[in-house]
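Model the full structure from these sequences, guided by the hints.
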Amino acid sequence: MEEVLETSEEKNPKSKKPLSLFFKEAVGISANTEDSEVGTETDCENAELKEKLRNLEEKVRSLNKKRNEKGTTLKSPSEKHREILPKGNNRSLYALFSDKKRVIKEEPKLKPSDHGNEDPMVHKELSADMQMLAYHLYKGGYLKDANFTDEDKFDLNSFEASYARDFLKFAAITFAKDHQEIATRLLKEVINLSKTVS
1 MEEVLETSEE
11 KNPKSKKPLS
21 LFFKEAVGIS
31 ANTEDSEVGT
41 ETDCENAELK
51 EKLRNLEEKV
61 RSLNKKRNEK
71 GTTLKSPSEK
81 HREILPKGNN
91 RSLYALFSDK
101 KRVIKEEPKL
111 KPSDHGNEDP
121 MVHKELSADM
131 QMLAYHLYKG
141 GYLKDANFTD
151 EDKFDLNSFE
161 ASYARDFLKF
171 AAITFAKDHQ
181 EIATRLLKEV
191 INLSKTVS
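Numbering of the sequence shown is given in the UniProt record's numbering, commencing with residue 1 and proceeding in unit increments.
None of these hints come from the bench; they were simulated from the model.
These numbers come from a predicted model, not from an experiment.
Even for Gly, the Cβ is constructed at its ideal location relative to N, Cα and C.
Be careful, since some hints might not be right.
Computed cross-link-like contacts, DSS-like style, restricted to lysine-lysine with a CA-CA straight-line distance of at most 30 angstroms [unchecked claim]:
{"#": "1", "residue 1": "Lys177", "residue 2": "Lys195"}
{"#": "2", "residue 1": "Lys70", "residue 2": "Lys52"}
{"#": "3", "residue 1": "Lys177", "residue 2": "Lys188"}
{"#": "4", "residue 1": "Lys124", "residue 2": "Lys139"}
{"#": "5", "residue 1": "Lys65", "residue 2": "Lys50"}
{"#": "6", "residue 1": "Lys144", "residue 2": "Lys177"}
{"#": "7", "residue 1": "Lys59", "residue 2": "Lys70"}
{"#": "8", "residue 1": "Lys169", "residue 2": "Lys153"}
Computed spacing ranges between beta-carbons, pair by pair [claimed, not checked]:
{"#": "9", "residue 1": "Ile191", "residue 2": "Leu133", "range": "21 to 31 angstroms"}
{"#": "10", "residue 1": "Lys195", "residue 2": "Lys153", "range": "39 to 49 angstroms"}
{"#": "11", "residue 1": "Val190", "residue 2": "His136", "range": "13 to 23 angstroms"}
{"#": "12", "residue 1": "Lys70", "residue 2": "Glu25", "range": "54 to 64 angstroms"}
{"#": "13", "residue 1": "Gly140", "residue 2": "Tyr94", "range": "58 to 68 angstroms"}
{"#": "14", "residue 1": "Glu25", "residue 2": "Ala47", "range": "23 to 33 angstroms"}
{"#": "15", "residue 1": "Tyr94", "residue 2": "Glu151", "range": "46 to 56 angstroms"}
{"#": "16", "residue 1": "Glu25", "residue 2": "Val60", "range": "39 to 49 angstroms"}
{"#": "17", "residue 1": "Lys153", "residue 2": "Val190", "range": "32 to 42 angstroms"}
{"#": "18", "residue 1": "Leu93", "residue 2": "Thr42", "range": "40 to 50 angstroms"}
{"#": "19", "residue 1": "Asn46", "residue 2": "Leu93", "range": "38 to 48 angstroms"}
{"#": "20", "residue 1": "His136", "residue 2": "Asn192", "range": "21 to 31 angstroms"}
{"#": "21", "residue 1": "Lys188", "residue 2": "Asp166", "range": "30 to 40 angstroms"}
{"#": "22", "residue 1": "Gln131", "residue 2": "Leu93", "range": "51 to 61 angstroms"}
Shown next, in the form of C-alpha cells:
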C-alpha cells in the first residue's frame, strides 16, 4: 500500500502541498502556485490595460488643450455650483442642486378668515325641555368627558357650538340606552291614552 502512495506522489508532485495551503488557495487568501502560468497572462493583460489607460489620458489632455486654445474650457462640477449659488443672504437648498436660477414670485397674502374657529351656523337657543335634559345629563355624569364644559359648574352658553350640540345628542342617546325602561313606560302610557280617547 505504501508503494502505491509513493508512486502516486512521484507521479503528481503537486499533491505534496500541506492542507493549510490548499485551504488558503481555495479561500483566496494566498495566490495559487499552480496558476503561475495564468498569473503571467493576467500580468500581461494588466500591462496592456494600463497602457490603454495612459493613451486615453493623453488624448483627454490634448483635447483639453485644444478647447483651451479655442476659448471653451471644461468646468469642474464644483465650479458649476459656484456659479449657481446666489450671492447674498438668500441662499436656498434648491439653488444648490438645480441648474435653473432661483426666481422669486410674490404671492398675494391671504386675509385671515373672519370666522376663525367659530361655528358658521347660527343655532337657536335651547328650548326649556332641552335645557332641563342638558342639566339632568350634566348631573348624571353624561357630560363629564365633554371638553367644552367645566366640571365645576353648568353653563348653557357652552352649547352654542355645533360640536357641543352633537355631544349633547350623543349623551342623550347614551342616556336612553342606559334607561330603556323609561321608553317602555312612556310607550305604555301613550297606548293607554289612545285607548281612552277612542
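Against the structure, the hints:
1. This hinted pair checks out: Lys177 and Lys195 have alpha carbons roughly 28 angstroms apart, not beyond 30 angstroms.
2. Our distance criterion of 30 angstroms between C-alpha atoms is met by Lys70 and Lys52, whose separation comes to about 27 angstroms.
3. Only pairs whose Cα atoms come within 30 angstroms are accepted, and Lys177 paired with Lys188 is accepted, the gap being roughly 18 angstroms.
4. Annotation: proposed proximity of Lys124 to Lys139 holds, straight-line Cα distance about 23 angstroms (limit 30 angstroms).
5. Taking the CA atoms of Lys65 and Lys50, the gap is near 23 angstroms; set against the 30 angstroms cutoff, the hint holds.
6. This hinted pair checks out: Lys144 and Lys177 have alpha carbons roughly 17 angstroms apart, not beyond 30 angstroms.
7. Under the criterion of a C-alpha separation no larger than 30 angstroms, the hint pairing Lys59 with Lys70 is consistent with the structure, at around 17 angstroms.
8. Straight-line distance between C-alpha atoms of Lys169 and Lys153 comes to about 20 angstroms, which keeps the hinted pair within the 30 angstroms bound.
9. At roughly 24 angstroms, the beta-carbon separation of Ile191 and Leu133 lies within the given 21 to 31 angstroms, and the hint holds.
10. With their beta carbons about 45 angstroms apart, Lys195 and Lys153 fall inside the hinted range of 39 to 49 angstroms.
11. Between Val190 and His136 the CB atoms are about 21 angstroms apart, so this pair conforms to the stated range of 13 to 23 angstroms.
12. At about 56 angstroms, the CB distance of Lys70 to Glu25 agrees with the hint of 54 to 64 angstroms.
13. Our hint of 58 to 68 angstroms for Gly140 and Tyr94 holds, since their Cβ atoms are close to 59 angstroms apart.
14. In this structure the supplied range 23 to 33 angstroms holds for Glu25 paired with Ala47, their Cβ-Cβ distance being about 24 angstroms.
15. Between Tyr94 and Glu151 the CB atoms are about 51 angstroms apart, so this pair conforms to the stated range of 46 to 56 angstroms.
16. For Glu25 and Val60, the hinted distance range of 39 to 49 angstroms is satisfied, since their beta carbons lie about 40 angstroms from each other.
17. Taking the beta carbon of each, Lys153 and Val190 are about 36 angstroms apart, inside 32 to 42 angstroms as hinted.
18. The beta-carbon spacing between Leu93 and Thr42, approximately 48 angstroms, falls within the hinted interval of 40 to 50 angstroms.
19. Taking the beta carbon of each, Asn46 and Leu93 are about 44 angstroms apart, inside 38 to 48 angstroms as hinted.
20. Distance hint check: the CB atoms of His136 and Asn192 are about 25 angstroms apart, consistent with the given range 21 to 31 angstroms.
21. Evaluation of the 30 to 40 angstroms hint for Lys188 and Asp166 yields a pass: the beta carbon distance comes to about 31 angstroms.
22. Separated by about 59 angstroms at the C-beta atoms, Gln131 and Leu93 satisfy the suggested range of 51 to 61 angstroms.
Checked against the numbered hints listed earlier, the structure breaks none of them; every hint is satisfied.
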